[in-house]
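A.B. asks: Sequence:
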Amino acid sequence: MVDPRATVDDLTAKARIRNTALDLYATHGEDRISLRAIAAEAGVAVGLVQHHFKTKAGLRNAVDQLVVDYFAGALAEVPEDASTAVRDDAVRDMLQANPAVVDYVRRALLQPNAADSHLVDVLVDLTQREVRAARKTGRASTTRRENTQVVAVLARQMGELLLAPMVDAVWARVAPDTKPPRLRVTVDEAGR
1 MVDPRATVDD
11 LTAKARIRNT
21 ALDLYATHGE
31 DRISLRAIAA
41 EAGVAVGLVQ
51 HHFKTKAGLR
61 NAVDQLVVDY
71 FAGALAEVPE
81 DASTAVRDDA
91 VRDMLQANPA
101 VVDYVRRALL
111 QPNAADSHLV
121 DVLVDLTQRE
131 VRAARKTGRA
141 STTRRENTQV
151 VAVLARQMGE
161 LLLAPMVDAV
171 WARVAPDTKP
181 PRLRVTVDEA
191 GR
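For the sequence shown, UniProt numbering begins at 1 and goes up steadily by one.
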């Protein structure tokens with residue numbers, strides 16, 4: 001998979017700032033990190049951060065896009081006719097290889113205002129495109145509602161990501177010497 005953090009044409013101060021913001025936001029949360037702290041960690045002046053991203057919201061949007069690029073890159077590596085399970089495995093592998101993405105997504109989706117999150121918007125857009133393409137090529141059912149399929153894909157991929165720390169903590173207390181169960185999240189179609 002191509003690393004969206006450092007493509008050949010993206011090894012710039014702007015990319016360093018964005019990558020640093022991802023790492024710091026993932027570790028500490030966006031609320032606790034200033035533009036000045038990001039600039040210091042990236043080795044640039046805060047004015048350069050403002051030049052490239054204007055505001056903290058602009059930088060967060062760039063980080064959100066980077067995260068979506070990770071997801072899109074993982075899916076792009078999978079053959080077009082691959083099953084849902086193969087696509088989910090590609091996303092899972094990408095997440096395992098990129099703990100900062102996991103931590104960032106977890107923080108972004110669990111914050112109190114997550115419903116208004118730009119990250120949610122861009123992940124939904126990517127997932128809708130993927131579901132529509134799968135429906136068009138016959139890889140996904142057209143009898144199930146598209147919106148339910150979008151929610152199901154995101155719940156499957158994000159549910160494990162968001163709930164795994166809790167499941168691991170509970171399992172460590174109830175059966176520490178055994179292998180934990182595999183977490184699976186599903187979405188059932190609501191009655192019409």
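The hints are simulated quantities; they were obtained by calculation from the structure and are not laboratory data.
Fair warning: there could be bad hints in the mix.
[Said to hold, decoys possible] Restraint-style ranges between C-beta atoms, simulated for each label pair:
no. : residue 1 : residue 2 : range
1   : Asp177    : Gly58     : 21 to 29 Å
2   : Ala164    : Val124    : 18 to 26 Å
3   : Gln96     : Asp121    : 20 to 28 Å
4   : Thr137    : Glu41     : 40 to 48 Å
We put the beta carbon where it would ideally sit given N, CA and C, even for glycine.
A.B. asks: With reference to the structure, classify each hint as holding or not holding.
C.D. replies: Evaluated hints:
A hinted range of 21 to 29 Å is violated for the C-beta pair Asp177 and Gly58, which are about 49 Å apart. Between Ala164 and Val124 the C-beta distance comes to about 22 Å, which sits within the given range of 18 to 26 Å. Between Gln96 and Asp121 the CB atoms are about 25 Å apart, so this pair conforms to the stated range of 20 to 28 Å. Checking the proposed 40 to 48 Å range against Thr137 and Glu41 shows it holds: the Cβ atoms sit about 44 Å from each other.
Figure legend: structure checked against the earlier numbered hints; the only hint not met is number 1.
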